[in-house]
Amino acid sequence: MTMTHPIPDPEDAAPVASAIIEVEGIHKIYNGAVTALENIHLEFNRGELTSLLGPSGCGKTTLLKILAGLLKPTSGEVRVNGKPVTGPGPERAFVFQDFALMPWATVLRNASYGLELQGVGKREREDRARHYVAEVGLAGFEDKYPHELSGGMRQRVGLARALAVNADVLMMDEPFSAVDEQTRRKFQEDLIRLREIEQKTFILVTHSIEEAVYLSDRIVLLSPRPGRVSQIVTPNIDRHGDPEAIRRNPEYLDLIDDIWAGLRDYVE
Amino acid sequence: MPADQTAHSPVAGVTSRWISAVSDVPAIWKILSLAILFAAWEIGGRTNFNWAFPTFLETMAALWEMIADGSMGAAYLRTLEPLVIGLVISLVIGVSAGVAMGLRKDAEWLTLPIFITMQAAPMAALIPLITFVYGIGLTSKVLAVVMLSMPVIAINSYKAVRNVPQSLVHMCHSFMGSRRQQILTVILPAASPMMFAGIRLGIAEGFSGVVLAELLITPTGIGDLITFNRSIAKFPHMYAAIFSIVALAVITVSLLHRLEVTLFRPEKRGA
Chain A
167 MTMTHPIPDP
177 EDAAPVASAI
187 IEVEGIHKIY
197 NGAVTALENI
207 HLEFNRGELT
217 SLLGPSGCGK
227 TTLLKILAGL
237 LKPTSGEVRV
247 NGKPVTGPGP
257 ERAFVFQDFA
267 LMPWATVLRN
277 ASYGLELQGV
287 GKREREDRAR
297 HYVAEVGLAG
307 FEDKYPHELS
317 GGMRQRVGLA
327 RALAVNADVL
337 MMDEPFSAVD
347 EQTRRKFQED
357 LIRLREIEQK
367 TFILVTHSIE
377 EAVYLSDRIV
387 LLSPRPGRVS
397 QIVTPNIDRH
407 GDPEAIRRNP
417 EYLDLIDDIW
427 AGLRDYVE
Chain B
-2 MPADQTAHSP
8 VAGVTSRWIS
18 AVSDVPAIWK
28 ILSLAILFAA
38 WEIGGRTNFN
48 WAFPTFLETM
58 AALWEMIADG
68 SMGAAYLRTL
78 EPLVIGLVIS
88 LVIGVSAGVA
98 MGLRKDAEWL
108 TLPIFITMQA
118 APMAALIPLI
128 TFVYGIGLTS
138 KVLAVVMLSM
148 PVIAINSYKA
158 VRNVPQSLVH
168 MCHSFMGSRR
178 QQILTVILPA
188 ASPMMFAGIR
198 LGIAEGFSGV
208 VLAELLITPT
218 GIGDLITFNR
228 SIAKFPHMYA
238 AIFSIVALAV
248 ITVSLLHRLE
258 VTLFRPEKRG
268 A
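Chains as they are written, first to last, in this note's numbering: chain A, 167 to 434; chain B, -2 to 268.
Pulled out of the complex, with its shape left as it was, chain A reads as follows (with noise of 0.2 Å):
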């Protein structure tokens, strides 16, 4: 079953999990002039997906980098387990649109750089990241260096270092948007296998709307200019077996279609 509900109304939320992050009245202003985001209230609960959906310029990736510490609000409320957020925490982790690896370095040491930022031993840190790179699917690429590594592959190095650090909550910044279309769609069946062994809470930031409907527990929709929370829709798509399967699951193509019935009237 699919639910498709406008917001406010927290009495309607299904009460299953509890909140990991809490964002209460995030304002940002750019330049005193352009607003991005207003007036957001959200609650992303421990170990769901939820996608941040919009279309260019609706402040999707402002607010993740908000949530992240990346950003300070201009006004509003970002908390952490109930702390306030004042900037980058050991609880959060981050995936770069444009994967950030530092050429210079291995696979190794680039999976490894959360930890050796952290102050970990060096033997600690790579066995760790050895674990976390052939979770990934990367075993025997260790040595590499990143442009040794085609696009798709790149983004596992950027998601394994976002888990190498043991982070409650990764933060994904459109982690597929540069890779090509068939790496896309194996790094999304890839994600949902991951999820099913890593107990995370997972936010991620996209422009497609198939992929937000494909993973996520939650999808939050955001409008452009103001950024305003326009729509949650909760897609109830089991995702156990195969994961082919839910791209031909008449729920999943039903909820496509709903979903860009709303969000056409704000392209263009």
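Among the hints, a few may not be true.
One-sided excerpt, in silico: chain B residues whose CB lies under 8 Å from chain A [stated by the list, open to error]:
1) Asn160
2) Ser164
3) Leu165
4) His167
5) Met168
6) Cys169
7) Ser171
8) Phe172
9) Met173
10) Gly174
11) Pro186
Computed from the model, here is a short list of chain A residues facing chain B with C-beta under 8 Å [said to hold, decoys possible]:
12) Leu236
13) Pro256
14) Phe262
15) Ala266
16) Tyr311
17) His313
18) Val331
From the derived model, a few chain A residues whose C-beta atoms are all more than 10 Å from chain B [said to hold, decoys possible]:
19) Glu188
20) Ile195
21) Asn197
22) Glu214
23) Gly235
24) Lys238
25) Thr240
26) Pro269
27) Arg289
28) Glu292
29) Arg296
30) Glu301
31) Phe307
32) Asp383
33) Thr400
34) Asn415
I should point out that these hints are in silico values taken from the structure, not numbers from a laboratory.
Glycine included, each C-beta is placed from N, C-alpha and C at the ideal position.
Dock chain B against the given chain A, drawing on the hints supplied.
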């Protein structure tokens, strides 16, 4: 992916561009290109188009003669003193100032105009002025080297730091790297290719500086070998002296390129 070096070409002095270009080409092509140049030189010399122009082989013979009798070695001992002192000063101050300007707005506003002026000004015209103030001793020659090499080094270091991809800096920040970790593990390695390109250009400029000083201030060292041999019309020896300083500059700059790859950019090794 590592396009940062080619995307923003470094600021080059007039004399140093070709030296830097030569040091990036594979060995076979370098040798071939040198062979063609020397062959053309030999043929040009044999045509006697100019009575003061020796052939390549005559020049090499004169070079060997000067090396064997020790005059070349003695000359280089004199020349290297202001060159090395000047380059060390330029490297330390130039790199520090460049990095500081790249990292901090206040340092940029305070220092950048000075280096831009130094970069643009024809330094050869200022050398008589230095002589006027500091006399004809070592100080003036060191200053000549510094004035030519430091602006290139500082401005390239500044640009290198400025061109570090912002996403790498954000990445370091998001994994809770301190400012110190950010500078040491992200900014400096990411800036190193362009910074080293600037250092190579700066060293090449330093060679021009020392030769200019020895020609314009007082003839000592290699400058003396050039002027003296010209005055007594021993042209093969004059050309040999010029040849030796060009060769030394090229070799130094090439070695520096190797050092850079070994130290900072392991991914380019063997590439």
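For each hint, the structure was consulted:
no. : hint   : verdict
1   : Asn160 : 13 Å, violated
2   : Ser164 : 4 Å, holds
3   : Leu165 : 6 Å, holds
4   : His167 : 6 Å, holds
5   : Met168 : 4 Å, holds
6   : Cys169 : 7 Å, holds
7   : Ser171 : 4 Å, holds
8   : Phe172 : 4 Å, holds
9   : Met173 : 5 Å, holds
10  : Gly174 : 4 Å, holds
11  : Pro186 : 5 Å, holds
12  : Leu236 : 6 Å, holds
13  : Pro256 : 7 Å, holds
14  : Phe262 : 6 Å, holds
15  : Ala266 : 4 Å, holds
16  : Tyr311 : 4 Å, holds
17  : His313 : 4 Å, holds
18  : Val331 : 7 Å, holds
19  : Glu188 : 20 Å, holds
20  : Ile195 : 21 Å, holds
21  : Asn197 : 18 Å, holds
22  : Glu214 : 21 Å, holds
23  : Gly235 : 8 Å, violated
24  : Lys238 : 13 Å, holds
25  : Thr240 : 19 Å, holds
26  : Pro269 : 5 Å, violated
27  : Arg289 : 19 Å, holds
28  : Glu292 : 16 Å, holds
29  : Arg296 : 18 Å, holds
30  : Glu301 : 18 Å, holds
31  : Phe307 : 14 Å, holds
32  : Asp383 : 24 Å, holds
33  : Thr400 : 29 Å, holds
34  : Asn415 : 35 Å, holds
The structure shown violates the earlier hints numbered 1, 23 and 26.
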